[in-house]
Amino acid sequence: DAGVTQSPTHLIKTRGQQVTLRCSPKSGHDTVSWYQQALGQGPQFIFQYYEEEERQRGNFPDRFSGHQFPNYSSELNVNALLLGDSALYLCASSWDRGRSGNTIYFGEGSWLTVV
Amino acid sequence: SQQGEEDPQALSIQEGENATMNCSYKTSINNLQWYRQNSGRGLVHLILIRSNEREKHSGRLRVTLDTSKKSSSLLITASRAADTASYFCATGTGTASKLTFGTGTRLQVTL
Chain A
-15 DAGVTQSPTH LIKTRGQQVT LRCSPKSGHD TVSWYQQALG QGPQFIFQYY EEEERQRGNF
45 PDRFSGHQFP NYSSELNVNA LLLGDSALYL CASSWDRGRS GNTIYFGEGS WLTVV
Chain B
2 SQQGEEDPQA LSIQEGENAT MNCSYKTSIN NLQWYRQNSG RGLVHLILIR SNEREKHSGR
62 LRVTLDTSKK SSSLLITASR AADTASYFCA TGTGTASKLT FGTGTRLQVT L
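Each protein sequence line maps, in turn, to chains A and B.
The first sequence runs -15 to 99 under the numbering used here.
The second sequence runs 2 to 112 under the numbering used here.
Hints in this document: simulated from the structure, not taken from any laboratory.
One or more hints might be untrue.
Cβ-to-Cβ under 10 angstroms is the rule here; a few derived chain A residues that face chain B [what the hints assert, rightly or not]:
#1 -12
#2 -9
#3 -8
#4 -4
#5 19
#6 24
#7 40
#8 44
#9 70
#10 75
#11 86
#12 89
#13 92
Given the structure is predicted, the values throughout are model-derived calculations rather than measurements.
Just so it is clear, CB atoms sit at the ideal spot from N, CA and C, and this is done for glycine as well.
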């Protein structure tokens, strides 16, 4: 059973460019969330997708956008990249059926460096 | 913003010793999850504890939750060099699976 998979593993972009990161959730999971983790910090919630719609959003600008596909996979897009966007981007998946919290699994992340 | 703080920020112990990490949070929660992160890698789920639970065990791990004090602790018994990693607590406030993370504890286990 494959866990949460993310691509690419590493990438380098130039300021002002756009980037797309991809995530496939764990089998059977329908909810995907994205987190940004700067060096030495804890992960920060960006947004969450459920049933192909953005359900919750953290304190991130509109340059950060996403999408969820019918097969539950997801993309994170960041436009007009800034140096401060350099971070590890983590995808998380879970199965949301109204229980008081379900185990949330994370992928290995995508390292983004903006130069 | 960070929900909570882990204490200590860094911990160095010898193999075979026990390691205790504490987590404090600010708002009411629905559940709390502990994760391990090796340098530059993704997060590995360790334990989930719900707000109506006080203690859970998994192998060498023991987690406690005190909702009156808004705090949790993670105990790793008989630590191994392979336990060297950063440990994060993350709180959930509802059925939706958004998590708010603390700042992490860096654990170093030496031979």
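Self-check item: Hint check against the structure, violated hint numbers in rising order
Solution: Per hint list: 2, 3, 4, 8 and 9 violated.
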